[in-house]
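Respectively, the protein sequence lines represent chains X and H. Per my numbering, the first sequence starts with residue 26, numbered consecutively. Per my numbering, the second sequence starts with residue 233, numbered consecutively.
Take these hints with a grain of salt, some might be off.
To give an idea of the interface, some chain H residues facing chain X are shown, with a C-beta separation under 10 Å as derived from the structure [as the list claims (entries may be wrong)]:
# : residue
1 : L257
2 : L258
3 : T264
4 : V296
5 : T337
6 : G413
7 : K420
8 : T440
By construction, these hints were calculated from the structure, which means they are not laboratory data. We put the beta carbon where it would ideally sit given N, CA and C, even for glycine.
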Amino acid sequence: MAEIIQEEKQKGGKKRPKKHSTNIDMTPMVDLMCLLITFFMLTTAFSKPKVMEIILPEPPDPKDTSQQTEVDSSRALTILLAKDHSVYYYRGKADIKAKLIKTDFSDEGIRTILLKYNEALSKKVKELQEKVKESTFKIDQVMDKKELDSLRKTNTENEIVNEYVSKEIKKLKADDDLGPIVLIKADEEVKYKDFVDIIDEMSIANIARYAITDIMPVEKELIKNYTPQ
Amino acid sequence: MPKIKLPHKSPHIDMTPMVDLFSLLLTFFMLTTSFKPQEAAVIDTPASISEKQAPDINVMTFLVSKEGKVYFALSDKGQTASDTGFHFRSKVLAEMGKKYTVNFTPAQLKKFESLSSFGLPVQYLPKWIDAKDQAERDALQAELVKMKKDGIPYDSADNQLAYWIFYARSISPSVEVQIKGDVDADYKNVKEILDILQEKQVNKFNLTTNLEKVEIKLQK
Numbered sequence: 026m027a028e029i030i031q032e033e034k035q036k037g038g039k040k041r042p043k044k045h046s047t048n049i050d051m052t053p054m055v056d057l058m059c060l061l062i063t064f065f066m067l068t069t070a071f072s073k074p075k076v077m078e079i080i081l082p083e084p085p086d087p088k089d090t091s092q093q094t095e096v097d098s099s100r101a102l103t104i105l106l107a108k109d110h111s112v113y114y115y116r117g118k119a120d121i122k123a124k125l126i127k128t129d130f131s132d133e134g135i136r137t138i139l140l141k142y143n144e145a146l147s148k149k150v151k152e153l154q155e156k157v158k159e160s161t162f163k164i165d166q167v168m169d170k171k172e173l174d175s176l177r178k179t180n181t182e183n184e185i186v187n188e189y190v191s192k193e194i195k196k197l198k199a200d201d202d203l204g205p206i207v208l209i210k211a212d213e214e215v216k217y218k219d220f221v222d223i224i225d226e227m228s229i230a231n232i233a234r235y236a237i238t239d240i241m242p243v244e245k246e247l248i249k250n251y252t253p254q
Numbered sequence: 233m234p235k236i237k238l239p240h241k242s243p244h245i246d247m248t249p250m251v252d253l254f255s256l257l258l259t260f261f262m263l264t265t266s267f268k269p270q271e272a273a274v275i276d277t278p279a280s281i282s283e284k285q286a287p288d289i290n291v292m293t294f295l296v297s298k299e300g301k302v303y304f305a306l307s308d309k310g311q312t313a314s315d316t317g318f319h320f321r322s323k324v325l326a327e328m329g330k331k332y333t334v335n336f337t338p339a340q341l342k343k344f345e346s347l348s349s350f351g352l353p354v355q356y357l358p359k360w361i362d363a364k365d366q367a368e369r370d371a372l373q374a375e376l377v378k379m380k381k382d383g384i385p386y387d388s389a390d391n392q393l394a395y396w397i398f399y400a401r402s403i404s405p406s407v408e409v410q411i412k413g414d415v416d417a418d419y420k421n422v423k424e425i426l427d428i429l430q431e432k433q434v435n436k437f438n439l440t441t442n443l444e445k446v447e448i449k450l451q452k
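Same shape as in the complex, but just chain H (with noise of 0.2 Å):
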């Protein structure tokens, strides 16, 4: 009986059309990537129907997180070569700075500019600041929360939020309010950044939310 011989065949597949989709996926999501920024907090935020989208640049944000703390972001004042040298970030923390006599060197407040939100009492930035890593920053964090000290205080007895508030306003006139609660975190606590921010003469706010689908029924 003659052998049946089987076909000699390369082990080698033709990778290139393979390699071509790779590549062209690869572009696309280097070039519409933007990075989540590191947020001091987890929020997870409520539905809405809103399909306004959120600005990001001259807005100041309210974190509020679950258990009530008040975490605060500010972002650039815009995204051209001379409003990013506006140093917005950094004049805010300077009059911060000298409101509650802190002293920030100007390495630390060029240091502030890239850094994103933070939830502690002006006292305790400059640590914040001159952290090394994310790691140091959330034992700082820890260490606050042992304290009772962490997130920006906002009642009467030491409000600077409401300090926050102004010098961004003060340096920024037109810079927008956005509000990013959980959906566990008490209204009592939102209401009373809305009431903090009324005082300012903030009337306009932004909730930050997700989209929801819904289908709108009128009755007959």
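Next comes chain X alone, as it looks inside the complex (with noise of 0.2 Å):
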């Protein structure tokens, strides 16, 4: 109330206060904001690199002869690396006469070989994947209550629907005794990333066992003989 009272008694005098502008400059301040945000978005890094988990069975003692696990032949796959990002594959013992086919790292190639050969736990696996995705899937079935209680209370429901699906995956893999056992072996001129190509194919084709061992002479033979069919 006071002010106003003083208001009307200066708007009688002579002398006006001058009006401010309530604008302030702002260019300075955007220019500097404009800098720092640059800044930091050339130098943030968003996504946390990604990594592949490979476990390696322990080598086998070399004294001790009868840890010497002998794969199943019907059952072995072999997957040779050569040079120039070429895959090779064989079915059964490593001999000279071991049939050897060509094949690269396509989406036709060595993927399709591996899903048919795996057909038995890929379809097991797509089925459960398919299952949670539908409708009608309720978590509350499949899983214990307590234990879905309690981790109610940390995780959201997706992850622990997810988290479900990887265990069911893990069970369907170490129940498997049909699939292959892929043995990976590269000779010395193969590159990294091949490398790790192959073992990607590997968790593509949900491919259950597969261990990675050296090349043999005899392998390295029948790469050097393989003729084109």
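Please dock the two separately framed chains into a single complex, following the hints provided.
Set out below in structure tokens:
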């Protein structure tokens, strides 16, 4: 109230206070902000790198021959990596008469072959993934109630379902006794990328059992003598 | 004819909404940013479909460059105050110094904790730590390249890499292993590292990759 009265008084007076504009010049501020934003946008590392986990079997003790495991030759599928991104594979035992087939890293190449040999398991995995996606699927029906309640306190519904799926896939893989046992062998001229690619194919095709071993002289010979059919 | 008077317009634009937006963006970037640590070598990682996040604490990383040189990096043991007080990196370095009779002063050990990956024999590490800035380190690295002594030695004659692994694992047994190889790195070199690791009873590895999207088609 007091202020209004004062203003009225001034109106009557001769001197008028200069009216200041309420606009502030924001250009320097905007300049600085632009600069900072650009800096942070360029230096920020958004996506954290992803990792691929591989667990290798413990190397056998060379002194202890009883531990040497023989791979069931009817299930064995050997993949040979050679230079210039070429992939060869054969089934069964490694000997000079093994039928070597050349393929590549494309979708129609090694992936199709792995999926074909691993059809039973990959079908099961796919069925599971589809079942979860259906609207009739309820996590309550497949999981223990107590466990579910404790999980719900810390996780979102989506996380619980994902966890459940990965657990089930692991179980399926552990029970798998029909799928191929894949042996991956690479010679000296192979690039690291091919190695990562082939392990990646293993996870795409849901191969339950695979191992990375050294290439044998016989197999080198096989690649050398390979003639396209 | 009467003159057409153009309305006198102020050249000022109201920048308030723009400033609003900018401050929002700025705050967002400032809060989400995590600076990329400077790495000793430029590594172009291959792609995979794996969606597992890379661990960032309690991990030792092996960088394999195109030329087949190996660089080594150790992260802190943990992020909480008591864990950073663990001095994981300096403890490992002190052990390495004892093994190779290279003396590290306490100041050097302390400085080493804040440094990132390195790729040089342990004998040159004091010089590398004492370097004032990155430029000086690069110069030292270039010198070593000329002498063909860059990268951590991992052949049977001088297997320093094996000792780095050994001491890192004896000080922090739960340390994870991460291998970051270049697309064009030779598999042979990576395999050698895998073999050294397996010799030291490490059978679980993380291979750093980029995310790749793929469609999986099942044959009918």
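Return the numbers of the hints above that this structure violates; sort them in rising order.
5
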